[in-house]
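Participant: This is what each chain is made of:
There are 2 protein chains.
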Amino acid sequence: MKETSRTVVFISDGTGITAETLGNGLLSQFEDISFRHVRFPFTDSLDKADACLQRIGEIGLQEGLRPLVIMTMMDVKISARLREADALFLDLFEAFIAPLEQELGQRSTHSVGRSHGQENREYAKRIAAMNFSMAHDDGISAADLKNADVILIGVSRSGKTPTSLYLSLQFGLKAANYPLIPEDFERDCLPDSLLPFRDKLFGLTIAPEQLHRIREERRPHSHYASLANCRAEVHAAESLMRRSGITWFDMTSRSIEEMAVHLLQAINKKQELA
Amino acid sequence: MKETSRTVVFISDGTGITAETLGNGLLSQFEDISFRHVRFPFTDSLDKADACLQRIGEIGLQEGLRPLVIMTMMDVKISARLREADALFLDLFEAFIAPLEQELGQRSTHSVGRSHGQENREYAKRIAAMNFSMAHDDGISAADLKNADVILIGVSRSGKTPTSLYLSLQFGLKAANYPLIPEDFERDCLPDSLLPFRDKLFGLTIAPEQLHRIREERRPHSHYASLANCRAEVHAAESLMRRSGITWFDMTSRSIEEMAVHLLQAINKKQELA
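Protein chains in written order, with this note's numbering: chain A, 0 to 273; chain B, 0 to 273.
Careful: at least some of the hints might be erroneous.
Which copy? The list can't say, so a pair holds if one copy fits it or any two copies do.
[As the list claims (entries may be wrong)] The list that follows gives simulated cross-link-like pairs (lysine-lysine, BS3-like), each with its CA atoms no further than 25 Å apart:
#	residue 1	residue 2
1	K199	K76
2	K268	K76
3	K268	K145
4	K124	K47
5	K47	K145
6	K269	K76
7	K145	K76
8	K124	K76
9	K269	K47
Read the hints as simulated data drawn from the structure, not as lab findings.
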């Protein structure tokens, strides 16, 4: 089949991040087509809607194929105006608001970017968590670890830092991380500063071959990056974690988003049992 | 109206983050109802679907009201099994895959977590960007700034760090950030190390009152946090940016996600003009 190309226009009265994330999932199901992305975030007035309309028309003329429009739009007037364009509309709100209204026996407020006290508290929590994670990255500080929600351990470059930052920015968890280093393997026990917090320690591990590739980019041809050293460190870290009773996860074929959700589940489970 | 409460079950064969993000937007439209979240990520087998089914049934019995189920599920067999439950189903994929198939004249692959070369490259780019942003947070290093996609400037605690990290983790942009400090205001010009990169500098500013509140949490009753000093610093930073021709944005009533998207638009616009 000949590879074709289509333009996708993402329109939102907010950031459009949700529309694009869901859109990426949907579009990845059509392998033979390449999609060009055009974005109209913060489309919160009829004037801005008119600018979208014009652009959609131009794209349709240029390409001879109407674009796909994926949108999240609370305001029904703006939504109606946009629909005057010739495009395939996938409206993530419209599709679900009506069945929700019926199920809940209530009209929706149709308002954008609602700023509940609840949301402000959640936001402040995420920012505080991010500050905590930055201050406790890579074992920089062992102070204040009693306030951590989770402490990740693992060898250098096993994915601790991005996972910690994602846990804080997305889920508002205070995530510290601590490297396991050759000294720990020689002593063959966890760093002393972590011992009081065993119940919130989780480990990350990674296939030595992948670790080797990652470290080579950082320090090419070093002992640190060599496959032999990566094998030895991963082996030592895993046996240390095993003997210390630390639950660990393998980053090898997982994204940071997937790892963050696995950790979230493990943390919740532990808290339910406690 | 009496406040009611409903349980929402998020089910996905992936992380479920998209389902929950879109769900939060939808549910925030119903102000008088409080929603309890239950999550079933990585539901990628019929056995796991059966566990969901059972839980959904239990919730319905306990609460006397069927739960809402918001899901992203590629696998049609698992999807069909889940629909045996008594719940309101909002299926983000099902609603849009059929119209997309028709528009594109192609069947979707109905497969989960597709790992295109494309996606792996995007992922590697995001991780590299995050490493760059961590290494260039708060002016730690001025080396390598030529490789930055964007350099944020602003007074301490104006939101540079979370915005930089979000730009890198979400959008794969190498975002450095550099604090504007009293010495810069005295000299009344941008730090020397930034001068060669004027075309990728953007500023963040913030209302002095909000800055004061944020700094008070860090260093209560300090000169640094005092309202008078916050006013003076914000004023000096804005006039320095104005005279240097730096575009800047106001964080005061914006979230980091909103700010990141505004910056992305500004960066793209500049690149189009260049």
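Participant: A separate judgement is required for each hint: does it hold in the structure or not?
Facilitator: Consistency of the hints with the structure:
1. K199 x K76: neither (49 Å within a copy, 37 Å between copies)
2. K268 x K76: neither (45 Å within a copy, 28 Å between copies)
3. K268 x K145: Result: close within a single copy only, 19 Å intra versus 46 Å inter.
4. K124 x K47: So K124 and K47 fail the 25 Å test inside a copy (33 Å) and across (32 Å) alike.
5. K47 x K145: Classified as neither: same-chain Cα gap 49 Å, cross-chain 35 Å, threshold 25 Å.
6. K269 x K76: For K269 and K76, neither the intra-copy (48 Å) nor the inter-copy (32 Å) Cα distance is at most 25 Å.
7. K145 x K76: Neither, since 51 Å and 45 Å both go past 25 Å.
8. K124 x K76: neither (34 Å within a copy, 39 Å between copies)
9. K269 x K47: For K269 and K47, the Cα distance is within 25 Å only across copies (20 Å; inside one copy 49 Å).
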